[in-house]
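Protein chains: 2
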Amino acid sequence: MENWEDYKKKAWERILRDKEIGYLDPDIFEVLEVFFKRQKAYTQSSCSGRVSIVDSYLPWERKDSTVVYKNHITFSMEDLKDTISKGYVRRLWLIVQGPILHVYTKDMEEAWELLKIARGAGFKHSGILTSNNKGVLIELRTGVKMVHYLSPSLDQKELEELVSISLEVLRKGKDKLRKLKESVESSISNESMELRENSKRETELHYGINQPP
Amino acid sequence: MENWEDYKKKAWERILRDKEIGYLDPDIFEVLEVFFKRQKAYTQSSCSGRVSIVDSYLPWERKDSTVVYKNHITFSMEDLKDTISKGYVRRLWLIVQGPILHVYTKDMEEAWELLKIARGAGFKHSGILTSNNKGVLIELRTGVKMVHYLSPSLDQKELEELVSISLEVLRKGKDKLRKLKESVESSISNESMELRENSKRETELHYGINQPP
Chain E
1 MENWEDYKKK AWERILRDKE IGYLDPDIFE VLEVFFKRQK AYTQSSCSGR
51 VSIVDSYLPW ERKDSTVVYK NHITFSMEDL KDTISKGYVR RLWLIVQGPI
101 LHVYTKDMEE AWELLKIARG AGFKHSGILT SNNKGVLIEL RTGVKMVHYL
151 SPSLDQKELE ELVSISLEVL RKGKDKLRKL KESVESSISN ESMELRENSK
201 RETELHYGIN QPP
Chain H
1 MENWEDYKKK AWERILRDKE IGYLDPDIFE VLEVFFKRQK AYTQSSCSGR
51 VSIVDSYLPW ERKDSTVVYK NHITFSMEDL KDTISKGYVR RLWLIVQGPI
101 LHVYTKDMEE AWELLKIARG AGFKHSGILT SNNKGVLIEL RTGVKMVHYL
151 SPSLDQKELE ELVSISLEVL RKGKDKLRKL KESVESSISN ESMELRENSK
201 RETELHYGIN QPP
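One line per chain: the protein sequences are E and H, in this order. Numbering follows the UniProt record's numbering, with no gaps: position 85 of the first sequence is 85. Numbering follows the UniProt record's numbering, with no gaps: position 176 of the second sequence is 176.
The hints are simulated quantities; they were obtained by calculation from the structure and are not laboratory data. Source: prediction; values computed, not measured. Check the hints yourself; a few may be wrong.
Just so you know, same-sequence chains aren't split out, so a pair can sit in one copy or run between any two.
Stated by the list, open to error - In silico BS3-like cross-links for lysine-lysine, where the CA-CA straight-line distance does not exceed 25 Å:
{"hint": "1", "residue 1": "Lys174", "residue 2": "Lys145"}
{"hint": "2", "residue 1": "Lys86", "residue 2": "Lys157"}
{"hint": "3", "residue 1": "Lys116", "residue 2": "Lys63"}
{"hint": "4", "residue 1": "Lys63", "residue 2": "Lys10"}
{"hint": "5", "residue 1": "Lys124", "residue 2": "Lys63"}
{"hint": "6", "residue 1": "Lys106", "residue 2": "Lys86"}
Isolated chain E, as found in the complex (with noise of 0.2 Å):
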């Protein structure tokens, strides 16, 4: 039976495998980061918010879906011309989606906290999900999201207009993104000097030279 700290300290090991393979969504890295300096929070998984284009009849479905186009930070009148030529077998939806983060907590009172300053932070869909031997998990979302049909009959125009403000969708979650690594960052710096000296022993501890700065 794993205790609390040893499975955030296999999250964070986790996550520097992923960034070093470059599976970590490329702008999410130092937010996680932030994450892991609070004593009792770990983050599980994550996504920095992005653009997708999905073949499926209806955009929330898993089964009987394929995402054909994505990325987390950017978006082009190409990106789109390529992927719609390709065709389809189903329908293809334009999704853009904010931010989402899962964070696991050691108790329900860091659960809470968190909840309140992501809430501050413009993530106002937050909340608890479960409970259990790795924590609270809680996740963290804002209201971020465009779920556009794509109609085979699109012209240049429109095509033009969805680029533009998808990247504007785009653009407004990586903002609350910011702000939320903001607040988290302030929440830590307000912690009392003795959580922050018992915080960084155990950091020193558990991650070795790998430890969150």
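Position chain H against the provided structure of chain E, taking the given hints into account.
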């Protein structure tokens, strides 16, 4: 200081009042009813799922945003064309949203139990929002959602596609709502006789003639 049962009683009275004046979503009363039949739950606010058209720059905004069309039951070409023909100030967004329920439970145990039932019924995006003197607040939410930018240059064929897909999405939400009602219903008949007897006595005590059957 009111106790939990008083809050439940008031919530039920409000639902009856809202139903009377036509403020309640037309197809949600029977769903709310089954939640009240559980001894340790009551619903606060709820939406049975709907099609709406919103005039805003970005679809999740509350400020600088006007709902120009809303229907919980159906949607037609006439509805869409009429709404578009009136023009817009910012942008028009066609939003089809699955059902969302807010439920207060008496304790965490009941919150986890209802979350389990709801997820089983397809309300995959459910979680605990907060905990206060009214109880533990959970949000029950599906992944059913479409957030479609309405370009000013849509042609007849695209409009027809949009109406048809919107109705499909709306219907998927209603299916899940029905499934939720059935699951909560059968969870009640699974409760022990003792619990039911207690619940019945309390219900009679608190609700008098307006009790949920």
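Against the structure, the hints:
no.: 1; hint: Lys174 <-> Lys145; in the structure: both (12 Å within a copy, 21 Å between copies)
no.: 2; hint: Lys86 <-> Lys157; in the structure: both (20 Å within a copy, 22 Å between copies)
no.: 3; hint: Lys116 <-> Lys63; in the structure: between (35 Å within a copy, 22 Å between copies)
no.: 4; hint: Lys63 <-> Lys10; in the structure: neither (30 Å within a copy, 43 Å between copies)
no.: 5; hint: Lys124 <-> Lys63; in the structure: between (28 Å within a copy, 15 Å between copies)
no.: 6; hint: Lys106 <-> Lys86; in the structure: neither (47 Å within a copy, 53 Å between copies)
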